[in-house]
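S.K.: Take a look at the letters that make up each chain.
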Amino acid sequence: MTKQNTLREIEKKTYISYHQDGLIDIIVGLYALTFGLGIIVDQLLDFNFAVIMPGIIVVILLPLWLYAKRKITMPRIGYVNIGTKGSNKLFALFLGLAVAGLGVFFLFTMVTFESGRPEWIETILFQYGMIWIGLGAAVIGSMFAYTMGLKRLHGYGLLTLALFVVGYFLSFPFQYLLLLIGSIIIASGVALLIQFINRYPVQKGASENAAQ
Amino acid sequence: MPPSDDGIQNIDRLIHEPSRLTIMMHLYVVESADFQFLQHQTGMTPGNLSSHLRKLEDAGYVEVTKEFMDRTPHTALKLTKKGREAFKQYRKSVKKIIDKLPE
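Protein chains in written order, with our numbering: chain H, 1 to 212; chain S, 1001 to 1103.
The shape of chain H in the complex, shown without the other chains (with noise of 0.2 Å):
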């Protein structure tokens, strides 16, 4: 048994066990469900709500995550610290993304303000827009899925990317898009998380055991 293992197979095996409950869907999940509404407010109050909002839902989202993970999954098949190395890799991810971010932002914002733009840059930019947000999901949802070792993540990334571009041809609005996503996402983790309790029930006192 063992020997078949390779340790790089036993630490995928490790993230994927932590993470089989759902509860990661079920938060991403909320997050682009709470965005779109966000969008949906802003329209209704004119306020801008969709603009703090990112920062406000991982402030709420982020200790929910951790909290459902020590109700829920802990007592369920215990507990494991990932470690540094773990950690360095989402870290290192989570960094990459956020100068691209800015590398993107920066262009954006110097093809905007720069008079006398080709028109096709414009195009390409503000007219397949909403396809463009869709790559970027589908993009940041494999290079999740592959740091994490979740193959659904690839899933969420390209049914947001083939939602995206049916609704760029159907002109559907982009709030309600995301509610959509958000919506499939949340049900997606709802299933896992039904399914992981019952294959998983409460073992009492088991984490007392070692070495007794």
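The calculated lysine-lysine pairs, modelled on DSSO-like cross-linking and capped at a C-alpha distance of 30 Å, are:
1. S:1081 to H:69
2. S:1082 to H:89
3. H:13 to S:1088
4. H:13 to H:151
In case anyone wonders, no lab produced these hints; they're calculated from the structure.
Starting from the known structure of chain H, arrange chain S on it as the hints suggest.
M.R.: Then chain S, alone, in the frame of chain H:
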């Protein structure tokens, strides 16, 4: 005929036992884990896991810490520095032996 100078004699027998090797591998890839997680990952019975952990703890390879999380007793397990070094050495030794084998 027992092998003499190919390094097999130098292999850490405490780690070489399949169940303990499994435990060491699972603890090597994380910072720490609790008993329940390790049991879940290795598929071992509580008694079996406990007895192998005790051997590894006695050798100074695994550190067992009892603590409370949310008022629940919790046993955290992690490889000690000595345990990590021993596992690295074990990997090196096994690799060396395997590499020496003819195709």
